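*Asks:* Each chain, written out:
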Amino acid sequence: MKGFLFIICLLVLGGMFLYVFLSPMFGLWERKEVANYYLNNSLEMTGSANLVSSIVWDYRGFDTLGEETVLFTAAVGVFTIVIFGMKRRK
Amino acid sequence: MITYVLLVLFAATFLVLIIKRDEIAIAAILFSFFSMCYMFLNPEITVFGFGGWSPPFGIVWVLDKLSVFLALLVTGVSSVIAVYSLKYIKERRHRYYTLLSLITIGLLGVSLTGDIFNLYVFFEILSVSSYALVAFFLDEGAIEGAFKYLMVGSVTSLFILIGISMLYGLTGTLNFADLASKISHSNPYMIALGLLVAGFSLKATIIPFHAWKPDAIEGTPAPIGAIFTSISTAIGVYGILRILFIFNLIQLNWVLISFGVITMLVGAFLALVQVNVKRMLAYSGISQIGYIIMVIGFGTLLGITSGLYHILNNALIKTLLFMGIGIGIYLTGKENLDEIGMKSTPLLICVGIGLLSLSGIPPLNGFVSKWLIFMASWEISPILTAIAIIASAITLAYSFKIFSSMFLTTKRIEVKIPKILFIPVVILTILCVLIGVFPQIGLNIIEPAANALLNQNQYITAVLGG
Amino acid sequence: MDIIVRTIVKGLFPFIMLFGVYILLHGHLTPGGSFPGGVIIASGVALIAISFGLRKAERVIKEETAHIIEGLVALLLVLIVLFESFARYVLMPTGMVFELWSAPQVLFLNLAGGVMVSMALILIIFLLMKE
Amino acid sequence: MLEIYVGMVLVALIGMYCIVWKKNMIKKVIGLGIFTNSIHLLLIAIGFRAGGIPPIVTRVNANYLALQAVDPLPQALVLTSIVIQLSVTALALGIVTLAYRHMKTLDTERMNRLRG
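Chains as they are written, first to last, in the working numbering: chain A, 33 to 122; chain B, 16 to 481; chain C, 12 to 142; chain D, 8 to 123.
Extracted from the complex, chain A is given alone in its bound form:
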């Protein structure tokens, strides 16, 4: 019974998502002023042919710096958890 109820509320959530995705204003290119800016003059400003790399490292470089720290946190976190787990067991 609980499983059935849970699937119902999942479907409701999915319905909400679909309502937003299929609304007329979603993903229109007229509204994407920032994306058109990147497409038009990212080659001159950053010189990189791959526009995605120019966004990842030049326009939104701070995001990627933040995300490298997330990766560094994961490495330190796994280092903290696994090493101590083993020492304690011996």
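Think of the hints as simulated: they come from the structure by calculation, not from any bench.
Check before you lean on any hint, since a few could be wrong.
Residues from chain C that face chain B, not an exhaustive set, calculated with beta carbons under 10 Å [to be verified]:
#1 Leu88
#2 Val89
#3 Ser96
#4 Ala98
#5 Arg99
This structure is a prediction, so every number in the text was calculated from the model and none was measured.
Beta carbons: idealized from backbone N, C-alpha and C, even for Gly.
Given the coordinates of chain A, work out where chains B, C and D should sit on it, guided by the hints.
*Replies:* Frame of chain A; chains B, C and D shown alone:
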């Protein structure tokens, strides 16, 4: 100025493991606290674009009064905890300090950023480092609690990501001010708003999302418990405030009020029945957040001011209590209520003051914000004030329970408290008494923050108008 | 692992590394960049670790050196990204487009990011494999 | 466009169902991966353009790129969120290996009873 703070903090996190000296991390966090105090002095909104790009195209950090107030609170509490845990954590201290300074970067980033995807990235830095710290003490309870927290935390931060991609699909930009000028209150936007607020309410431990907190806090060391209950909940509340600020929806909304009331009562009742001290403080943190959410739901200036004031006080009191009780756990080694009796009058005074101000006794800072809350709720409807008074009565009950079990029980052991552990506790006690006696100190920090929250177009012209 | 897997991995390892470095270096010209390049390099080392065991993989790169390299490269990354408006004078986008040196800044950050990703993944793989 | 979004929502629901309903820890981590990948699918679908070409400038498509290319911004967001999902999964697997060493079971139901 911001780049130096970030440079110092990032350099500290990356170098602690190589140079193997913890003082770098403490110095970095203290430096960021003092530079935040300096930032708070200049009155107008400063906008800093990374890489020299103008706002809608590059990432922008906006330092208005609300963000700097929160950054001040965050860096202050984590610097006190950095000093405190120098003695408290005995083994694997370098990794602990790396993760602690990463949590500070995450908290600082979430409070100061002006770009919604950057908010998600720093929220994720904060979450990943607190997943690792929850599993720090590695007994069975910690592992199960850490895994549950990781699962629930990453599902809700994915809800935030869905909300962000919805907003990008609907408006085409990622900058707060740009979003604010393009958002209309039609249905698709409301669903995106609902997802974002649900995502942030996990960190703020509002009722449907509070289950992870007691298990997580039981497994962590006490200083990290202080961080969880005081500032990472403050960041969750700030996330909700900032999202409502973007949608220009800071007005009376009964959804938040009802969630706040439920969280307040359930948190208070559950705190009463706990045996483990850390779990009790965790539930008490949840009920204090219930106060804040209820008051924010009023949307009036007095409501926002009392909410922010209670965030400040709750952070100070919870950190003081967790550190005081942490000393108990550090000395006795046990965490249950009936086993941490201690015979030391200085600690008795400090923890006593903390507990009294938690339950809102007049001369102390808890009373000031509780009084503001009662006044704010009186304007809306007297029933809410009655409920708030009942909840603070329950708070009085369980704070007396902690006090009696720690200091009045028969079997108390003679203890000598190490210096480094005691200085932060004394500093916070003095701060609590100071704010309680001169509430104007807190007000002239919080008044501009509340005003900054209420007028949105000043923010937009500052960021976009240039 | 048995002999067949070991010989194949021994044969493939240099090509995997070469391909990873190629993706890393051409991040600003062709699709791919710091993350795919870093992951390919890390997967090469992971293949060695799985088939030859951790001791042999330690000869490729020890754990402590991975930590130190990751910390230093991260520091370098922080310096460049935070002071990007100054870094752009040094790493000016040169006139020639579509060549290796067309975007020195994106190329340099790609390399640093790729090294960090591969070091972090190697660390995680080594730690999770420790018995 | 309709089938992409419907597909994405279905995959997201499967991922959420797997996280909540499956008892085994590793299956929960896999469910998390499915859910995150469906969001990456959503992000890429937002940048969709009928008959779009990848946003890589070459000598040939330099002049008509701005009108033909797919939106590069969500692709940059997807790169970032892939690495974030990678680190969350690495941490979750660290916790899972530790849980197995300590409690010899991966079933969260029995783990609750063990802890009482």
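*Asks:* Compare the structure with the hints numbered earlier in the document and write down the numbers of the violated ones, lowest to highest.
*Replies:* none
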